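Student: Here are the chains, one letter per residue:
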Amino acid sequence: MLHYYVLFQNHTESMAMYQALKKEGLNVRISPTPRELSVCCGVSLLVLGEDVERIRQIADDNQLSYISIESLNNTFDNTRHRYG
Amino acid sequence: MADNQKMWGELGMNLELHDQLCAVLPGAVGDVFMSQENRPEKMDFFDMVLADVHGIRPAELIEFKKNGGKVFGTFCAYVPDEVIFAAGGIATGLCAGSQFWVPGGERYLPANTCPLIKAMLGARFDRTCPFYRTADMYIGENTCDGKKKAYEILGTDVPLHIMDLPQMKRDVDREKWAYEIKELIKVVEKETGNKVTEENLAQWIKNVNAKRTALKRLYDLRKSAKAPISGTDTLLVSQIAYYDDPQRFTQMTNILCDELEQRVADGVDVAPGAKRILVSGTPMAIPNWKMHNIIETSGGVVVCEETCTGTRYFENNVDESGKTMDEMIQNIANRYMGINCACFTPNEGRFDDVIRLAKEYNVDGVIDIHLKFCQTYDIEGYTLAQRLEQAGIKMLSIETDYTDNDASQIKTRVEAFIETLE
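Residue numbers (our numbering), protein chains in the order written: chain B, 25 to 108; chain U, 4 to 425.
Worth flagging that the hints you see were computed from the coordinates, not collected in a lab.
Hints are not guaranteed to be accurate.
[Claimed, not checked] Here are the computed distance ranges between Cβ atoms for each label pair:
#1 U/GLN378 with B/SER92: 33 to 39 Å
#2 B/LYS46 with U/SER324: 40 to 46 Å
#3 B/GLU77 with U/ASN210: 42 to 48 Å
#4 B/ASN97 with U/TYR385: 32 to 38 Å
#5 B/ARG106 with U/ASP160: 27 to 33 Å
#6 U/PRO106 with B/GLU77: 44 to 50 Å
#7 B/ARG106 with U/ALA394: 35 to 41 Å
#8 B/SER92 with U/GLY276: 40 to 46 Å
#9 U/LYS193 with B/GLU48: 39 to 45 Å
#10 B/ASN51 with U/PRO106: 37 to 43 Å
#11 U/GLN23 with B/THR103: 19 to 25 Å
#12 B/ARG106 with U/LYS209: 41 to 47 Å
[Claimed, not checked] Far from chain U, some chain B residues (derived; all Cβ distances over 10 Å):
#13 TYR28
#14 ALA44
#15 VAL67
#16 VAL76
#17 GLU77
#18 ARG78
#19 GLN87
#20 SER95
#21 ASN97
#22 GLY108
No experiment lies behind these values; they were computed from the predicted model shown.
Heads up, the beta-carbon is just placed ideally off N, CA and C, and yes, glycines get one too.
Starting from the given sequences, assemble the full structure and let the hints guide the process.
Tutor: Here you go:
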């Protein structure tokens, strides 16, 4: 399934964007940054593909920083039973 | 995220090896947490902490140290945080819940040592955990032979103070534990350069009590006939309790509880039709979510944990009526000696706890889980099974470790057990 992630330099920027998107009533979840999209751990936001353009606009309007919005074809499988 | 790499490098971490852990954790979090439906919105704080688990809190600790603060790493629910914070220090739990750290520990320890202890040494000696690198001193405790001897090896690499926990619960033992707390006060005063005053200790007794009260509130909400939150999410909250700032944690847990109260009022159920399970046994250090994930994908919902990452951590507050230093220390000692760990003998209190909790949370069955080579909990399983049978409560016993290898077999057993529950 295609998931959309907003990537940030640090968690302060992530949480500022998170609060702004929640305020706008968007569907947004806090997620660790998937390995495929970044070289180390960090806070990213999982958003809906249909909201991407609106998110860019909200970021512009509120001068919110982010690195990029990326898509990734990954699955959340609660029966995979792999725990790191 | 370049800031984290720089910080980890300055902490002397093995970046290449640590990178392997960073590679797998997001996938595990996705499978265990992001796959859940209808999660409470106010899990967002805990999701943030988890998403950057090796970044956010270590950065705060490093900032604290830049101003002369001292950080104390702890491993166990018996170490009284009140004393460390009252000395102006910070207590932080040291994670040991991943298979990733186990091979590193096996270079120092026999293979037939419990995975938590092996992970403890692996995390330190492999230099792959920022919390282990940040702590100025570790505070250990002799809650089992494995830890006791492993500390001797760990202590060659980091300053370590061991608290000698009595293993019986007579008056003399409570006095002995009060003496050990006084010794800890001397140690933290020397390390921090700060005096533990009556005023500070009284304040931190209240602060840590407030944290326990918030956790009790969270657990009480799980007594609702409809589960307002999954056991897996609650386990994450309990795990984070060990190392987040206590006052912030209290605030965020209470905010989560506010939402859960509304969910209970609205009749929200995250696991409709699932059997209510009480988990008892050994601690589940972050990121050990294995058994909760298996149970909650097998027709069960975990509604309570009688573990060190559960009720043992927060039940019973310290009596706040103490005025003198001696009274406060004895009250702290009495509270911690009320925890029923399998290192004590006799340990009837733990069996009583499990039966009491099974009734309070109206569970359908108990799953008693112990880590491999944890002899004390393994042996207690015999009596616990007898006591539960007498009480008419069904129990399944599981022995496991941090590997994924036995997940399918355990899932089959858990599914079969849940099918037998009425």
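Student: Take the hints in turn and mark each one as holding or not.
Tutor: How the hints compare with the structure:
At about 52 Å, the CB distance of U/GLN378 to B/SER92 disagrees with the hint of 33 to 39 Å. About 43 Å separates the C-beta atoms of B/LYS46 and U/SER324, a value consistent with the hinted range of 40 to 46 Å. At roughly 46 Å, the beta carbons of B/GLU77 and U/ASN210 sit within the given window of 42 to 48 Å. Between B/ASN97 and U/TYR385 the C-beta distance comes to about 50 Å, which lies outside the given range of 32 to 38 Å.
The hint said 27 to 33 Å for the Cβ distance between B/ARG106 and U/ASP160, and at roughly 31 Å that hint holds. For U/PRO106 and B/GLU77, the Cβ-Cβ distance of about 47 Å falls inside the hinted range of 44 to 50 Å, so the restraint holds. At roughly 36 Å, the beta carbons of B/ARG106 and U/ALA394 sit within the given window of 35 to 41 Å. Between B/SER92 and U/GLY276 the beta carbons are some 42 Å apart, a value that agrees with the proposed interval 40 to 46 Å.
Separation of U/LYS193 from B/GLU48 is about 53 Å and departs from the stated range, judged on CB atoms against 39 to 45 Å. Between B/ASN51 and U/PRO106 the beta carbons are some 40 Å apart, a value that agrees with the proposed interval 37 to 43 Å. Under the hint 19 to 25 Å, the C-beta atoms of U/GLN23 and B/THR103, about 24 Å apart, fit the expected range. About 42 Å separates the C-beta atoms of B/ARG106 and U/LYS209, a value consistent with the hinted range of 41 to 47 Å.
Every CB of chain U lies more than 10 Å from the CB of B/TYR28, the least distance being 13 Å, so the non-interface label holds. Every CB of chain U lies more than 10 Å from the CB of B/ALA44, the least distance being 14 Å, so the non-interface label holds. Residue-level check failed: B/VAL67 sits 4 Å from the nearest beta carbon of chain U, not beyond 10 Å. Consistency note on B/VAL76: stated as away from chain U, and its beta-carbon is indeed over 10 Å from all of that chain's, at 19 Å minimum.
Distance check on B/GLU77: its Cβ is at least 23 Å (rounded) from any Cβ of chain U, clearing the 10 Å threshold; non-interface status holds. The beta carbon of B/ARG78 sits about 20 Å from the closest Cβ of chain U, which is more than 10 Å, so the claim that it is off the interface holds. With a minimum CB-CB distance of about 21 Å to chain U, B/GLN87 clears the 10 Å threshold, and the non-interface call stands. Once the 10 Å rule is applied to beta carbons, B/SER95 is consistent with being away from chain U; the minimum gap is 15 Å.
The Cβ of B/ASN97 sits about 13 Å from the closest Cβ of chain U, beyond the 10 Å cut-off, so the non-interface label holds. Residue-level check failed: B/GLY108 sits 4 Å from the nearest beta carbon of chain U, not beyond 10 Å.
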